[in-house]
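J.: Sequence:
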Amino acid sequence: MPEVLLGERVDFNQEIRPIINNKCIACHGGVKRSGGFSLLFEEEAMEVNESGKRAIVPGNVNKSELIQRISHKDPEYRMPLESTPLTEEEIALFSRWINQGAQWDDHWAYKAPEKQTVPETENEWVRNDIDRFVHAKLVEKQLSPNPTSDKQSLLRRLSLDITGLPPTITEMQEFVNDGSDNAYEKVVDSLLASPAYGERWAAMWMDLARYADSKGYEADRPREIWKYRDWLINAFNDNLPYDQFVITQLAGDLKPAPTDQDLIATAFHRNTMNNDEGGTDNEEFRVAAVLDRVNTTWTVLQGTTMECVQCHSHPYDPIRHEDFFRSLAFFNQTADADVPSEAPVLLTYKEDEDLEKLELIKNWANEHGTASRKGHYYDRLLRLGVPKIYAHYFYQMDKGLPIQGTATFKVDQEVYSFTEDLPFDGEDKLVFKARTNGNEGKISFHLDSINGQQIGEWKVKAKFKKEYDEEEKKEVTHYLNEVISVPIKVVNGVHDLFMVWEGKKDVEQTSTFEWLMLHHGLPAEGNEKYPEVKEAMYALFNSDNEVDATPVMVDLPNNLQRVSRVFEKGSWMVPGEEVEVGVPDIWNAFNDYSKDRMGMAKWLFDEENPLTSRVMVNRIWEQFFGRGIVSSMEDFGSQGFAPTHPELLDWLAIKFSDDFKWDIKKLMKEIVMSATYRQSSHFTKEGTEKDALNEWLARGPRIRLNAEQVRDQSLAVSGLLSDKMLGKSVMPEQPDGIWQVVYSGTKWETSKGSEKYRRALYTFWRRTSPYPSIISFDAPSREFCLPKRIATNTPLQALVTLNDPVYLDAAIALGREVLHSSEMGEEERLSLLYSKAMIRGISEEKLEALQNIYQQTKNYFDNSPEEICKLTGEEDKALAVYTVMANVIMNLDEFLMKS
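What the sequence shown shows, in this note's numbering, is residues 324 to 1222, in sequence order.
It is worth saying that the hints were derived from the structure and are not from the lab. Fair warning: there could be bad hints in the mix.
[As the list claims (entries may be wrong)] Straight-line alpha carbon distances no greater than 25 Å define the calculated SDA-like cross-link-like pairs of lysine to any residue that follow:
1. Lys1008 to Lys984
2. Lys464 to Pro398
3. Lys434 to Lys984
4. Lys1111 to Pro442
5. Lys918 to Pro398
6. Lys989 to Pro442
7. Lys1111 to Asp553
This one's a predicted model, so the numbers in the text were calculated from it and none came from an experiment.
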């Protein structure tokens, strides 16, 4: 048919897909396939459906059942059924599209970025290529850009964006007085080199990593994972390229020779929740953690709502149900198992005696061990201890019934325990953690049955301590856990392991076990110094000295790997077909990569991957402008928002990956050096009418500071902010009663001295009750990954900044500093107070308003002197007045906004 008769070419993505997603896909997509017809994949849409007809016959609208059904006059036959019919225009679009050949097209986000031609313009406003793309769009939308912001506003915006802190007065004066052409570039470079830069961007990533200092769920006990936060801060400050930044977090443990820092980076996926509640199924919550790792990986790194695919194929995007579980297979081989200890954890010894023992063992192994049993093997055995066989892998035979272990399993004169299909690989030691309440008999280890070959035994001996109980007025005995290593016969192959108590029949004695682990013993057993080294290993296994224990990712050895299966309708209790690792077909091929987490991590940075660079560029852009080029940061799929500047997005994505070699600081510099970023944020009538949301970037960003910045800025301008970096989380003041901890004696103990004034990212984060003033400003609980905080504006936020102890302390400190600065009059002091907070001079209008409030406040304290001490803790009226004035200024809209 001649093209003139077919009409203007129909764009599938722009014109047909939105109709399908809005009106058809609910019944004919990934969730349902009514009539056997689906519009999710092209091949499915062209198939013969249950009626025996084809819904779409390319080039022939008369034979296409879809057209007959959407245009039918009978509402019982017309599609969509029991819903608003398609408009005449929509039916005409479908008809034209089918007659033109029904050409399908992949959604833009699933096609690799294309090199873009930078628009040409002679406009003087333009400073770099970003501006050329933005200016072209402004011309298209008949908008004009704002002029460059004044220096004071620009530096404050820049400093808050890059470091999360306001500039100092000295920095502002130097910038304002610097008339050189590169004055702005110099301050950009200085801020990017600041240590505060790493803290600001680590705080952003912590939402994505769902970082918290507690395990979550009902008990929500503390977790020690702050070393991961330290790794993040250092990674940003060291400008670790984004590809290595991600690969190390996903698979640092799978590097050829992983360092401690590589292992700590993998805590990214150990931030999942861990359920310590008694009676829960460890496997259920291990699986829940793995599901969360799949969802987080795809959301954070690919902007894809993969959680939709756990129960069925994606409702809107071409991702099949089994694709979710092919992704799950990458993460299903890690050794963590939802146990209370959170193992595997990387132990960092802190006491000299422990460090010396570890060095002794490593040196011994390096001198006497085989090539595969050098010091590194024993370092990892002691500090990582994998792979452990946990209690829930054992069954206790009690009165003929197999009862699965929970946190522990037991062996006594009535009960034996066993585990199935344990792979042996020539190990000659069996180490276990146990507690017993007596010294009678022995526990023997047998292969395949209680009467099978005995490979070892433990002569039971209790470890205990005695204490005098003041309430009972008697001495009591406490039996303690002990890690014990016993020799076993060398065995190979897969066997069941049975544990049986042997001894006198009338003894009432129980041994409880947390875990077992096979390992190779120390070399050179006949050497005269061997006993000393053996004792050092026992001492480290049982050391009571303080250690840092960071949960990390470690894969199970090949002989313990799990089988991954599809979960029918998403339920882990209904496993279906076995699956291998893989990715959805719509993405770049996975053929050339190893079938593990390292392979997946490298696949993300394949040059054909359509989303990795786009998603990160969009995330950085959103942090600077308050809105991404794709505003639905969590969803680049067909139901997400289309990019406002698609050519700019692709240009930045390719520049980031190819030109900048994944250098994050270079990407940020490119953005902030643009005239687009430097614009004044003032609203114009034209801009407000045509672009209220600033999608087309005709003005600079004007948004409220995030939760951490609101707090840190107040502490910074008051002089209270601690510059201490890294280390354990702290507990600043919070109201009493926030923590109602039922399952442990954990308490919120306010940190002392300057510790309570550290930056907000160091605040202890308990998932079930996060720090109140932080969550009031839209911070998440971090039970799950949050790609973007949704900004709100509530009265509660004003109550926080007016009354929270931290903000009151900041107001007192700032008021005191101004009072003690020098001999000044009221007007000068108020001007200085404003300048210290806003890092700029005050206008006459604002000064007059402050003077009025000052006089009202002074009168109030003259009439109510008893309120002075209540406010500041001191009988100093001047301090009370200036505390109120500082509090007023730190609650101004311009103080809480980035403009």
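J.: Would you mind marking each hint as holding or not holding in the structure?
T.: Going down the list of hints, with the structure as the test:
1. A distance of roughly 41 Å separates the Cα atoms of Lys1008 and Lys984; the hinted pair therefore is violated under the 25 Å criterion.
2. About 42 Å separates the Cα atoms of Lys464 and Pro398, which puts this hinted pair outside 25 Å; it is violated.
3. As the CA atoms of Lys434 and Lys984 are separated by approximately 21 Å, the hinted pair is consistent with the 25 Å bound.
4. A hinted pair counts as satisfied when its Cα atoms are at most 25 Å apart, and Lys1111 with Pro442 does not qualify at roughly 31 Å.
5. Distance restraint check for Lys918 and Pro398: the Cα-Cα separation of roughly 51 Å exceeds the 25 Å cut-off, and the hinted pair is therefore not satisfied.
6. Of the supplied pair hints, the one linking Lys989 and Pro442 holds, its CA atoms being roughly 22 Å apart against a limit of 25 Å.
7. Using a Cα cut-off of 25 Å, the hinted pair Lys1111 and Asp553 holds, with the two alpha carbons roughly 22 Å apart.
Consistency with the previously given hints fails for numbers 1, 2, 4 and 5, ordered from lowest to highest.
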